[in-house]
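Protein chains: 2
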Amino acid sequence: MKDFIYHAPTEVVFGKESEEKVARLVKKYGGSKVLVHYGGGSAKRSGLLDKICGLLQEGGLEIVLLGGVVPNPRLSLVHKGIELCRKEKVDFILSVGGGSVIDSAKAISYGIPYQGDVWDFYLGKADPACCLPMGCVLTIPAAGSEMSDSSVITNEDGDVKIGYSNQMSRQKFAIMNPVRTFTLPPYQTAAGVTDMMMHTMERYFSHDDDMTLTDAVAEALLRTMKDCVYDVLKDPEDYRARAQIMWGGSIAHNDLTGCGLSGDWATHQLEHELSGMFDATHGAGLAAIWPSWARYVMHENISRFVRFAVNVMDVPNDFTDPEGTALKGIEAMERFYRSIGMPVNIPELIGRDITDAEIEEMVRKCSKDYTVTQGQFKVLQPADMAAIYKMAAKS
Amino acid sequence: MKDFIYHAPTEVVFGKESEEKVARLVKKYGGSKVLVHYGGGSAKRSGLLDKICGLLQEGGLEIVLLGGVVPNPRLSLVHKGIELCRKEKVDFILSVGGGSVIDSAKAISYGIPYQGDVWDFYLGKADPACCLPMGCVLTIPAAGSEMSDSSVITNEDGDVKIGYSNQMSRQKFAIMNPVRTFTLPPYQTAAGVTDMMMHTMERYFSHDDDMTLTDAVAEALLRTMKDCVYDVLKDPEDYRARAQIMWGGSIAHNDLTGCGLSGDWATHQLEHELSGMFDATHGAGLAAIWPSWARYVMHENISRFVRFAVNVMDVPNDFTDPEGTALKGIEAMERFYRSIGMPVNIPELIGRDITDAEIEEMVRKCSKDYTVTQGQFKVLQPADMAAIYKMAAKS
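Residue numbers (our numbering), protein chains in the order written: chain A, 1 to 395; chain B, 1001 to 1395.
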């Protein structure tokens, strides 16, 4: 068991009428002039954006709008946001959207008071001294950015996608109304659930086998998410199931499921290169990589994979054959991914075979020009990364 | 499912060397002159109090000491603490101890800036406008006060024990070192686990049957606590099990296990009168009441008790006999309480029979002179309270 710090201070306001409180919450946390940050058309089309802007203005708040965030959010828009906020003297950022919008807001928030380029933080060259306070109205449960300390930004100059974590980027509040997720298409719903489950699995696959409570909570979360996704794919307006998924996405990534564990995060790192290169949906990319990662690393701690198979995937435990049980757990996960429309390898993700040159390019980026390893469950050298990509390249 | 707000901002610093960070944490949250609040002799005898004071002074902080908190903490000491803090111009309160010490600190903190008597808040006559910031070094996992918004104070003038909840009383930080709990005697350990399990059970027994994720997390927590208590009673220095219990006590009462649920809290209210009148250990009092409460109310929602029996107490589900399964769950809980040295009725708690006059006195107090009900799973009228006390009066 590792010593740990758990600090998830975000005020979560959850339920059917939660948006109504937006102006009060912004004011509670010190905002007076608000950047309303959003993505493409859906927040606009659904009327949510207009509603939020109306509520803020009724509450006596000034607003400045910045839309256009895309999945795998871009550094160029972050730069634009920083300039805009400085010019307009914005003192609070409100995201209306999913993880991409909130991640973009975090980067803007770091950048406003910083003299240099905000990309420095993502490159590990500096840490911000302060940042603007932020809140969000969540519309896509997946990334968990609404309660996490992390953000991932893509620098179009070289298609480099890098994550950065800092406690100061925790949202002051997160408004979550499950009704707002009724219109999410099945693919995005399934990719979101895959992402949130992976946030917990990245922590769960650990050599710290003695943090029993965290493991039990993680397994409870994974089983619940697995069950609820079928309900929402069958009935997109199933409020109960949408609510479990929305709340599950937050606690899957607010550190609760990692207390006392080392965590791995290799699957996320390997995937970042995939979605960076092919602009794939992050959750789908994770499903395309995980089974290959799992088969490659399972012998590092076979009992962990047996536990996962039995306690999460409901595989009967063959006590005489731990390896067989572990493998059946991975196969069960693949069947689960397929059953919700997720890919289980790279060709299924990108719609064609991947070339050796593309794999080598991903290995180069993932290892930062062959200088860093990834993961902790098994520390992956560049050759291991290549081996996993090659396993995942087979359809 | 109920709409909910989840806001547990306390920074938890967990592990073997966590106390070393105490001065840095007090300063991070604005303290310069600190009331160090503690209980009886154990924090002193163990050397922890001296260590904490030394660390604070080395960190350049001034300290003022106030010990003497007893279980079921007294209003008189709270008054003394308020006066002392005003006189000494204290700006931060650090508790070193368990729930009683932290509860006492919360009351002192509310009272310092308030013109009237702090007891007003507990009587529901007023709400504090502000309070002093607080942190704690937890030594007894049980009450969950280190992450909760609640405190319970006993007014010796009439032996009245009343709880009060306010978000502003959340601790800024909670230092938790499981090693510090190695010396807890078996009775106190068992009573602590009973208390934390009850914090989750009070929320779990609800008519909101559709908050699947919260239920799954609650069941995971209850099963883990039930398992770990045997390990620590066998080996008091089992770090793994002590750590699960310590962390379990916090998340059992930081609202995580109540998200989306109405909660009941009748067992707590009925128990407050017991421990108020007989100065019994709160956790033991809960064990003495719960089985009678459960049998009295189970028909309000039998499926909830079946779920508890099967998912928490490992009772085989007799699908043809929900009532039988539910009852077996309650009996299994009684066996669990007995096996860890807890009472399951009032005579076992207080060592003698309770008189009808004493029961009537408890009913009178619990119903605030027959003017209020208690509980939500079944709304208890004074006659219901009397019936439950009478069931619990039989050995």
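Hints listed in this document are in silico derivations from the structure and should not be mistaken for laboratory results.
We put the beta carbon where it would ideally sit given N, CA and C, even for glycine.
Keep in mind that the hints are not guaranteed to be accurate.
A short list of chain B residues far from chain A (calculated; beta carbon distances all over 10 Å) [unchecked claim]: (1) Met-1001; (2) Ala-1008; (3) Glu-1011; (4) Ser-1018; (5) Gly-1060; (6) Lys-1080; (7) Ile-1082; (8) Ile-1162; (9) Glu-1219; (10) Arg-1223; (11) Trp-1247; (12) Leu-1256; (13) Gly-1260; (14) Pro-1316.
Each computed DSSO-like pair below joins lysine-lysine, with the alpha-carbon atoms no more than 27 Å apart [said to hold, decoys possible]: (15) A/Lys-2 x B/Lys-1016; (16) A/Lys-2 x B/Lys-1051; (17) A/Lys-89 x A/Lys-44; (18) B/Lys-1002 x B/Lys-1051.
Only part of the chain B face toward chain A is listed, based on derived beta-carbon distances under 10 Å [claimed, not checked]: (19) Phe-1004; (20) Asp-1227; (21) Cys-1228; (22) Tyr-1230; (23) Leu-1233; (24) Ala-1241.
Hints versus structure:
no.: 1; hint: Met-1001; result: 6 Å, violated
no.: 2; hint: Ala-1008; result: 7 Å, violated
no.: 3; hint: Glu-1011; result: 4 Å, violated
no.: 4; hint: Ser-1018; result: 7 Å, violated
no.: 5; hint: Gly-1060; result: 23 Å, holds
no.: 6; hint: Lys-1080; result: 32 Å, holds
no.: 7; hint: Ile-1082; result: 28 Å, holds
no.: 8; hint: Ile-1162; result: 27 Å, holds
no.: 9; hint: Glu-1219; result: 7 Å, violated
no.: 10; hint: Arg-1223; result: 7 Å, violated
no.: 11; hint: Trp-1247; result: 6 Å, violated
no.: 12; hint: Leu-1256; result: 8 Å, violated
no.: 13; hint: Gly-1260; result: 7 Å, violated
no.: 14; hint: Pro-1316; result: 18 Å, holds
no.: 15; hint: A/Lys-2 x B/Lys-1016; result: 9 Å, holds
no.: 16; hint: A/Lys-2 x B/Lys-1051; result: 23 Å, holds
no.: 17; hint: A/Lys-89 x A/Lys-44; result: 24 Å, holds
no.: 18; hint: B/Lys-1002 x B/Lys-1051; result: 45 Å, violated
no.: 19; hint: Phe-1004; result: 5 Å, holds
no.: 20; hint: Asp-1227; result: 8 Å, holds
no.: 21; hint: Cys-1228; result: 7 Å, holds
no.: 22; hint: Tyr-1230; result: 13 Å, violated
no.: 23; hint: Leu-1233; result: 16 Å, violated
no.: 24; hint: Ala-1241; result: 8 Å, holds
This entry does not satisfy hints 1, 2, 3, 4, 9, 10, 11, 12, 13, 18, 22, 23, going by the numbered hints stated previously.
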